[in-house]
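Throughout, my numbering is defined as the position within the sequence shown, counted from one, plus 11.
There could be a bad hint or two in this list.
Here are the simulated lysine to aspartate or glutamate pairs, DMTMM-like style, with alpha carbons at most 25 Å apart [claimed, not checked]:
1. 34 <-> 218
2. 53 <-> 86
3. 186 <-> 167
4. 91 <-> 167
5. 230 <-> 188
6. 31 <-> 61
7. 35 <-> 218
8. 34 <-> 72
9. 186 <-> 87
10. 230 <-> 218
11. 205 <-> 167
12. 147 <-> 80
13. 144 <-> 167
The following label-pair restraints were derived from C-beta to C-beta distances [said to hold, decoys possible]:
14. 202 <-> 139: 54 to 60 Å
15. 198 <-> 157: 49 to 55 Å
16. 138 <-> 201: 49 to 55 Å
17. 63 <-> 21: 26 to 32 Å
18. 57 <-> 219: 34 to 40 Å
Just so you know, these hints were derived from the structure itself, not from any lab.
These numbers were taken from a predicted model, which means no experiment stands behind them.
Yeah, the Cβ is synthetic: ideal placement off N, Cα and C, and Gly gets one too.
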Amino acid sequence: MIDIKVPTVGESISEVTLVKWLKKEGEWVDRDELICELESEKATFELNAEQAGVLHIVAEEGATLNIGDVACRIDEAAAKPEGAAPAKEEAPKKEEKEAPKADKAAAPVAESKPAEKSDVKATPVANAIMSDKQVKATDVKGTGSMGRILKQDVLDALANPGRKGGATAFTREDKREKMSNLRKTVSRRLVEAKNTTAMLTTFNEVDMTRIMDIRKQYK
Numbered sequence: 012m013i014d015i016k017v018p019t020v021g022e023s024i025s026e027v028t029l030v031k032w033l034k035k036e037g038e039w040v041d042r043d044e045l046i047c048e049l050e051s052e053k054a055t056f057e058l059n060a061e062q063a064g065v066l067h068i069v070a071e072e073g074a075t076l077n078i079g080d081v082a083c084r085i086d087e088a089a090a091k092p093e094g095a096a097p098a099k100e101e102a103p104k105k106e107e108k109e110a111p112k113a114d115k116a117a118a119p120v121a122e123s124k125p126a127e128k129s130d131v132k133a134t135p136v137a138n139a140i141m142s143d144k145q146v147k148a149t150d151v152k153g154t155g156s157m158g159r160i161l162k163q164d165v166l167d168a169l170a171n172p173g174r175k176g177g178a179t180a181f182t183r184e185d186k187r188e189k190m191s192n193l194r195k196t197v198s199r200r201l202v203e204a205k206n207t208t209a210m211l212t213t214f215n216e217v218d219m220t221r222i223m224d225i226r227k228q229y230k
């Protein structure tokens, strides 16, 4: 069994974050096959299998590893598992035989579908705008009496394409995620730039009268 360690990726990089495993525990991997993704403070790179064998994961996803730490182990002495059984190839043949029956049964159903009609009422002006702009009444939320669609309702629907009537425009959801090394480096550099750079604009006024006179003289 051999250890797969985190390689050296740069002189100034001392640790990386294991972002994602591309192979599962106990799964067979071939030589030079990608097994996981690592992220440093500068870039993201993949880790390859040095030998073929069965994978044994040591570090979990999201863990911070130092250069030289063991990410996983590969049992090169393990026997390669046999491929999938050929019985799975018979499944498509059965589906092909049953497909014509499904098509025959579906044909009369498609013809018996009634045409959908909208019972939403709208003012004449709103109807004219919807006809001109090809807007469906079901996509407009009426704010008038008994849900009647007004002119402003159609204009609001045109200003927000893709938004159905009654749908909320924005949602507030809290989601906490651990910052990656790359994002930590970017945020640290931005704070350093703000603290060490003069965040202001200067204006200087100079009397250019004599210089402009000389320019006109030799122009």
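Outcome of the hint check:
no.	hint	in the structure
1	34 <-> 218	violated, 71 Å
2	53 <-> 86	violated, 32 Å
3	186 <-> 167	violated, 31 Å
4	91 <-> 167	violated, 63 Å
5	230 <-> 188	violated, 65 Å
6	31 <-> 61	holds, 18 Å
7	35 <-> 218	violated, 74 Å
8	34 <-> 72	holds, 12 Å
9	186 <-> 87	violated, 41 Å
10	230 <-> 218	holds, 20 Å
11	205 <-> 167	violated, 42 Å
12	147 <-> 80	violated, 61 Å
13	144 <-> 167	holds, 13 Å
14	202 <-> 139: 54 to 60 Å	holds, 57 Å
15	198 <-> 157: 49 to 55 Å	holds, 54 Å
16	138 <-> 201: 49 to 55 Å	holds, 53 Å
17	63 <-> 21: 26 to 32 Å	holds, 29 Å
18	57 <-> 219: 34 to 40 Å	violated, 60 Å
Of the numbered hints listed earlier, those contradicted by the structure are 1, 2, 3, 4, 5, 7, 9, 11, 12 and 18.
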